[in-house]
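Residue numbers (UniProt numbering), protein chains in the order written: chain B, 1 to 521; chain E, 1 to 521.
Treat the hints loosely; a few may be bogus.
All copies of an identical chain are treated as equivalent in the list; a pair is satisfied when it fits inside any one copy or across any two copies.
[Stated by the list, open to error] Derived SDA-like pairs: lysine to any residue, alpha-carbon spacing no greater than 20 Å straight-line:
| id | residue 1 | residue 2 |
| --- | --- | --- |
| 1 | Lys491 | Asp311 |
| 2 | Lys491 | Ser421 |
| 3 | Lys344 | Asp511 |
| 4 | Lys491 | Ala43 |
| 5 | Lys491 | Pro517 |
| 6 | Lys344 | Pro332 |
| 7 | Lys344 | Gly5 |
| 8 | Lys491 | Gly271 |
| 9 | Lys491 | Arg250 |
| 10 | Lys344 | Thr370 |
| 11 | Lys491 | His423 |
Bear in mind the hints are in silico, worked out from the structure with no lab data behind them.
2 protein chains.
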Amino acid sequence: MIIAGTPVTGTGPQIRGFDPAAGQQLDPVYRYGDANDVQAAAAAAAEAFPVYRATTAEARARFLDDIAARLEAAGEGLIARAVAESGLPQPRITGELGRTTGQLRLFAEVLREGSWNGARIDTAQPDRTPVPRPDVRQRFIPLGPVAVFSASNFPLAFSVAGGDTASALAAGCPVVVKGHDAHPGTSEIVARAVTAAVADAGLPPGTFSLLFGTGPGLGTALVSDPRIKAVGFTGSRGGGLALAAAAAARPEPIPVYAEMSSINPVFLLPGALGGRGAELGRAFIGSLTLGSGQFCTNPGLIVAVDGPGLDAFVAAARAALAAAPATAMLTPVIAGNYAAGVQKLAARAELVGRGEPGGETTCHAALFTTDAQTFLASDDLQAEVFGSSSLIVRCADTAEMQAVARGIEGQLTATVHADESDHDVARELLPLLELKAGRVLFDGWPTGVEVCHAMVHGGPFPATSDSRTTSVGSRAIERFLRPVAYQNVPKALLPSAVADGNPDGLWRRVDGVLVSPAEGP
Amino acid sequence: MIIAGTPVTGTGPQIRGFDPAAGQQLDPVYRYGDANDVQAAAAAAAEAFPVYRATTAEARARFLDDIAARLEAAGEGLIARAVAESGLPQPRITGELGRTTGQLRLFAEVLREGSWNGARIDTAQPDRTPVPRPDVRQRFIPLGPVAVFSASNFPLAFSVAGGDTASALAAGCPVVVKGHDAHPGTSEIVARAVTAAVADAGLPPGTFSLLFGTGPGLGTALVSDPRIKAVGFTGSRGGGLALAAAAAARPEPIPVYAEMSSINPVFLLPGALGGRGAELGRAFIGSLTLGSGQFCTNPGLIVAVDGPGLDAFVAAARAALAAAPATAMLTPVIAGNYAAGVQKLAARAELVGRGEPGGETTCHAALFTTDAQTFLASDDLQAEVFGSSSLIVRCADTAEMQAVARGIEGQLTATVHADESDHDVARELLPLLELKAGRVLFDGWPTGVEVCHAMVHGGPFPATSDSRTTSVGSRAIERFLRPVAYQNVPKALLPSAVADGNPDGLWRRVDGVLVSPAEGP
């Protein structure tokens with residue numbers, strides 16, 4: 001572990017990285033921390049907070065850029081370790097490193113652009129009757145130290161220096177990461193890079209810490225620590241709900257941004273299915289088996305009207321699936337949960353086909369089918385199976401497709417494949433889907449989340465614990481900020497974001513109107 | 001009650017309005033509703049939601065304007081009833097009606113301005129390698145039906161058509177109000193005006209309902225109803241925490257915006273106190289006794305360095321207080337709670353003085369003092385006493401004032417009185433106060449909340465259950481919205497907020513850059 005700049009070996013149980021492709025344990029040995037380590041990291045973060053939040057946006061942008069550069073410098077060694085600890089192919093991890101550094105640089109860009117300040121000025125009207133209007137100004141300030149829980153499935157992009165950490169650091173919040181057991185070595189390399197960047201920037205060492213430990217033990221202690229003011233989490237529904245419950249039970253409740261569970265329904269509309277059923281079936285299996293299906297956005301549900309188009313889709317999917325090699329899963333535990341989830345589906349739905357069989361820790365991809373009425377009557381058929389597993393729901397007509405859209409839980413994504421002949425059906429479906437999902441996409445597959453300004457990686461419960469935000473894209477910084485109003489504060493004491501003369505060069509809302517940096521007070 | 005346009009008399013216990021100034025019950029009799037009424041209102045709201053949210057921003061703006069006009073038309077009768085049911089003076093209620101219609105019109109203005117859509121467009125890059133960048137667009141959509149709990153202390157501005165209702169309706173959310181027992185007649189008049197506006201606009205009747213009932217009974221049932229997607233509440237800490245717990249315990253948790261408890265510390269810095277201690281003392285009592293102290297922003301804590309300046313302040317405050325007449329409190333229950341709170345303070349702090357004594361349902365204003373160490377060691381001394389009651393904390397020096405600033409809970413407001421000679425002290429204090437409060441104000445008093453774009457009426461727990469928002473000012477609409485991303489959605493199917501050609505004439509963020517309605521795609 002690294003607590004406020006100092007490497008610390010815990011006193012708890014030993015853990016080691018595990019290479020799921022080779023089936024062997026990796027050196028060195030790591031050890032879990034305990035409540036004392038949580039205390040130390042949280043205390044250091046609280047001490048760092050007033051100093052870190054007072055840094056300029058430019059200073060934090062340079063800091064994030066520096067972390068990105070250091071991760072790139074760690075390059076081959078970092079990639080090799082992440083490949084070994086995840087069983088994911090090297091091109092995927094190389095791409096993920098690019099995404100991770102891209103996220104850090106996106107938030108540096110966000111900091112420099114400045115709209116995150118939410119600067120507003122309502123000018124005084126001293127002569128207003130019956131009472132004068134005061135001068136009121138508003139900006140956003142950071143919430144305080146943030147606890148980040150790494151995900152297993154993105155050892156770089158949703159881990160130690162992933163999106164949650166990048167957005168929290170950008171907001172001005174110190175970060176305490178609970179590293180994931182699946183990749184302790186990767187976590188250490190990344191944490192050392194962040195720690196070096198903290199030191200080089202002259203920031204307080206408590207700006208960043210990395211801990212190891214169990215979720216129920218160390219994780220709950222971290223979320224319950226009074227100095228922690230918000231939580232970012234990507235993982236299972238059970239894990240996310242436990243952290244949300246711990247946060248709600250605090251004397252001072254705090255926001256929890258838990259990204260949890262989604263089966264990412266894909267609606268194949270009649271025109272698209274009729275014209276290119278087989279092509280869609282093959283592409284679907286490509287998305288389903290990518291990364292052993294270990295994506296939050298894996299297409300776990302196909303919804304379509306029964307008929308020759310769907311038959312062609314199913315036949316092509318079955319053939320593509322049969323040729324899909326068994327690929328390593330992230331950890332033996334995840335492989336075990338996957339096998340159990342598939343077994344549950346097998347008891348409730350009809351098997352369409354499976355991929356090539358493999359060993360105990362590989363993903364033996366599985367595809368099932370059922371009818372809409374059975375699906376709508378069963379909560380179990382809606383449960384996420386983490387890994388390459390999907391269920392085709394056969395509908396009698398497009399009205400039944402709409403009923404499925406109404407009947408599903410909240411999702412990260414909802415996908416529609418539509419030809420122009422389908423637009424009338426799609427127009428009816430779209431409002432239903434946007435109420436259920438954070439992202440609605442057409443004529444593609446949900447895997448692959450673009451890191452950009454307009455992205456929403458979020459959605460109604462249980463996809464996340466807080467649908468008002470996104471964990472990917474530039475809006476993610478807003479999760480760790482809150483507005484403060486300054487009324488009649490003397491000009492000499494105003495924060496620069498809302499000071500006269502606009503020293504930070506920001507877009508500001510003045511008396512309700514957006515004003516560019518070139519204009520305005 | 002009015003459920004989806006239809007007047008309904010409940011089957012529960014009877015309630016009646018009560019005139020606290022005259023000490024007499026008012027006609028007519030009202031009756032509490034029950035779980036069936038909650039079901040009916042929630043079902044109607046859910047049915048109304050898809051239709052109501054599909055209205056244009058202009059249609060909703062006209063609807064809000066119409067509610068405002070109808071409240072003005074209700075004029076004298078409405079004001080008279082609110083005065084009778086609250087015991088508040090007529091000029092105050094007349095002003096509050098203006099504030100209420102002003103809030104409705106502010107949200108109409110917000111709707112027409114359009115930035116609430118949060119429209120973003122990231123353009124496609126089909127030639128990007130290794131993978132093309134999709135077209136991604138983002139806008140905000142409403143959460144769904146909202147439950148609003150009226151406050152006792154603002155029978156118009158924080159009640160049936162108050163800020164929560166106005167902002168939720170603006171967002172596109174149907175509203176189910178639980179009216180406050182303290183003003184059922186006022187609630188009925190306002191609800192009839194809203195209902196008429198719903199009908200005139202041709203909106204679904206379920207867009208608005210008013211229920212009566214207890215918090216633990218009907219209120220909890222309302223928050224627990226699966227069709228309700230967010231909650232606005234203004235009231236006690238106990239009430240807010242109970243609703244937050246009910247919301248967190250749902251199978252699908254929902255956001256609760258509860259404004260609860262704040263003692264609104266006022267820091268008198270040495271220069272200001274030395275120069276105008278007596279003047280400040282008199283002004284303080286004016287703020288403390290306004291509306292019998294029944295404001296969320298009542299100044300319940302004065303923090304200052306001991307010495308001749310503070311002595312002058314205290315002497316002037318004591319004299320002004322002694323001349324302050326006993327004024328009616330909103331309800332006998334509130335008067336009883338006030339008396340008990342004052343008694344608790346009296347057991348733990350030294351009495352400075354009291355206002356004129358009155359009857360059982362009047363506010364017998366009270367002022368106490370203690371030293372900083374005693375204050376910091378006692379949670380009881382930080383408890384809000386709803387009504388004209390305040391505690392002066394005598395500090396040894398400005399360092400001890402800072403210790404008090406660090407030691408207090410979250411607040412709606414923090415006030416500083418400072419002369420130019422105090423700016424160095426104020427510069428140290430300001431960062432501490434902005435971490436504790438939603439609004440920091442200088443050289444005024446916290447009572448009186450300007451309804452404008454930059455206002456924050458919110459703050460860290462326990463001031464509110466969610467410090468990331470405000471319940472007053474134009475940003476309040478954001479509480480009831482969430483972002484949705486549209487990826488590669490066919491142009492013919494895109495929502496107008498993010499459609500090509502910008503048909504809604506919005507400011508939009510295009511590839512990360514703010515673009516005015518006159519420019520851009």
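Consistency of the hints with the structure:
1. Lys491 - Asp311: neither (71 Å within a copy, 30 Å between copies)
2. Lys491 - Ser421: between (61 Å within a copy, 14 Å between copies)
3. Lys344 - Asp511: So Lys344 and Asp511 fail the 20 Å test inside a copy (58 Å) and across (44 Å) alike.
4. Lys491 - Ala43: For Lys491 and Ala43, neither the intra-copy (34 Å) nor the inter-copy (52 Å) Cα distance is at most 20 Å.
5. Lys491 - Pro517: within (19 Å within a copy, 33 Å between copies)
6. Lys344 - Pro332: within (18 Å within a copy, 60 Å between copies)
7. Lys344 - Gly5: neither (46 Å within a copy, 47 Å between copies)
8. Lys491 - Gly271: between (63 Å within a copy, 18 Å between copies)
9. Lys491 - Arg250: neither (38 Å within a copy, 47 Å between copies)
10. Lys344 - Thr370: Within one copy only: 14 Å inside, 65 Å across.
11. Lys491 - His423: between (56 Å within a copy, 11 Å between copies)
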